[in-house]
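Sequences listed follow chains A and B, in order.
Heads up, the first sequence is in my numbering, so the first residue is 77 and it goes up one at a time.
Heads up, the second sequence is in my numbering, so the first residue is 37 and it goes up one at a time.
Just so you know, these hints were derived from the structure itself, not from any lab.
Don't take each hint at face value.
Think about it this way: if two alpha-carbon atoms lie no more than 27 Å apart in a straight line, the pair counts; the simulated BS3-like pairs of lysine-lysine are [unchecked claim]:
1. Lys184(A) x Lys158(A)
2. Lys142(A) x Lys158(A)
3. Lys158(A) x Lys133(B)
4. Lys158(A) x Lys112(A)
5. Lys297(A) x Lys184(A)
6. Lys142(A) x Lys133(B)
Beta-carbon label-pair distances, calculated as ranges [to be verified]:
7. Leu142(B) x Thr88(A): 21 to 31 Å
8. Ser183(A) x Arg152(B): 37 to 47 Å
9. Gly48(B) x Phe284(A): 50 to 60 Å
10. Arg62(B) x Asp127(A): 50 to 60 Å
11. Lys158(A) x Arg152(B): 21 to 31 Å
Source: prediction; values computed, not measured.
C-beta: ideal position from N, C-alpha, C; glycine also.
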Amino acid sequence: MPPHSPPTDRSTCLAVVPAYNEAATVGNVVTQLRHKAPQLDVVVIDDGSTDATAYIADRAGARVLKMPFNLGIGGAVQAGFKYADENGYDYMVQVDGDGQHDPGEISKLFSAIEDEGGADMICGSRFATATGYIAPISRRTGIHVFAFLLSRLLRQPVTDPTSGFRLYNRRAITLFAHDYPHDYPEVEAVLMLHHHRLTMREVSVRMFQRGGGTSSIGSGKSFYYMVKVLLALFVGLGRRRAVPRPGEPAAVAAEHGI
Amino acid sequence: MESRLQIVAIVGAVGLLLLVLELVRRRALMERYALLWLFSSVVILGLAVWTDLLNALARQMGIMSAPNALFFVAVAFILLLLLHFSAAMSRLSDQSKVLAQRQAILEHRLSETERRAEARELEATSERTGAVL
């Protein structure tokens with residue numbers, strides 16, 4: 077299959093919903109997914125929740141991968157990539173379990189990946205155009221710093237690098253199944269994609285305020301988040317990589333993530 | 037502080053800083069664990085370069101010679117790092133315990149399933165041969 081062929085009736089798509097103690101919202105997310113995007117298989121990654129997340133997701137009709145303990149968002153999402161990779165899915169869409177991503181907007185991501193040229197990853201952005209979403213100020217500063225740096229590094233506008241509402245094609249799935257960042261992975265993943273000569277594009281989407289639970293990034297962790305991601309970005313620039321020529325298949329990291 | 041000692045301290049701190057960055061680059065060290073190392077080496081480097089601050093710190097703590105204050109800070113960081121690693125190790129051993137338990141339970145479940153499937157197969161074949169006879 078050529079890398080940019082549009083989703084046909086026969087192509088398979090997986091929705092991955094990482095959830096850590098999201099019992100209040102995950103059921104609704106799964107129901108909405110099955111209702112508004114019925115062509116998707118849904119797998120919920122229960123990241124060692126201590127509440128009824130897994131049970132509720134299962135009752136709502138999702139497949140559930142239960143992590144034996146909390147891996148953090150990076151490890152949980154990578155479990156989704158591995159599942160998609162092993163089961164040969166053509167596309168994977170990542171939707172947060174907290175209900176801030178609208179399953180009704182997934183079609184926008186798919187139509188962007190179908191567009192001429194397409195991309196290996198389509199990222200739902202809150203800021204690509206004014207959508208009325210207002211993130212807390214501590215988050216916003218960080219987002220804009222990362223957006224500025226990534227826009228320079230990629231030489232293309234990146235407005236919302238921390239968004240986890242993303243659609244990946246086969247090549248991106250293979251890459252991230254082998255190697256995905258640990259803590260706060262979204263920003264680094266954009267740079268990794270770029271280093272492996274894969275492409276990303278943003279489309280403007282509507283997002284909701286969180287439905288319940290608490291964000292994985294509390295205000296106390298914001299500082300660690302900033303420093304960690306900045307360190308990863310700058311050190312990442314100096315890494316040697318298996319750099320394929322544009323358009324080559326299987327652009328996968330030489331080193332495996334531990 | 038004597039300038040020779042200052043040079044040794046600066047070289048040591050810079051060396052540590054570069055080593056940590058190189059290990060992160062090679063993926064031998066995760067960012068999560070590198071940050072405390074980076075912070076320690078930056079603080080020690082800062083104190084070694086900016087001797088006025090080190091002298092002030094020594095006076096405040098009642099330490100007679102400034103180099104001893106530098107050693108004190110370095111030892112404090114070492115203790116902090118050790119505590120950090122003990123905590124990390126505790127988490128890891130707890131996680132490996134959980135993994136081993138899950139693994140054992142799954143293995144048991146798998147062998148039970150296999151045994152039941154085998155028994156069903158055996159039953160089916162004996163029924164068929166019974167029918168033939």
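A quick look at each hint next to the structure:
Under the criterion of a C-alpha separation no larger than 27 Å, the hint pairing lysine 184(A) with lysine 158(A) is consistent with the structure, at around 25 Å. Distance restraint check for lysine 142(A) and lysine 158(A): the Cα-Cα separation of roughly 14 Å lies within the 27 Å cut-off, and the hinted pair is therefore satisfied. Distance restraint check for lysine 158(A) and lysine 133(B): the Cα-Cα separation of roughly 24 Å lies within the 27 Å cut-off, and the hinted pair is therefore satisfied. Note on lysine 158(A) and lysine 112(A): the hinted pairing holds, with a Cα-Cα distance of about 25 Å set against a maximum of 27 Å.
As the CA atoms of lysine 297(A) and lysine 184(A) are separated by approximately 32 Å, the hinted pair breaks the 27 Å bound. For the suggested pair lysine 142(A) and lysine 133(B), the alpha carbons sit about 16 Å apart, so the restraint of at most 27 Å is met. Checked against the given bound of 21 to 31 Å, the beta carbons of leucine 142(B) and threonine 88(A), roughly 27 Å apart, stay inside it. Distance hint check: the CB atoms of serine 183(A) and arginine 152(B) are about 44 Å apart, consistent with the given range 37 to 47 Å.
In this structure the supplied range 50 to 60 Å holds for glycine 48(B) paired with phenylalanine 284(A), their Cβ-Cβ distance being about 52 Å. Take arginine 62(B) and aspartate 127(A): their Cβ atoms lie about 39 Å apart, and the range 50 to 60 Å is violated. At roughly 29 Å, the beta carbons of lysine 158(A) and arginine 152(B) sit within the given window of 21 to 31 Å.
Hint compliance for this structure: hints 5, 10 are broken, all remaining hints hold.
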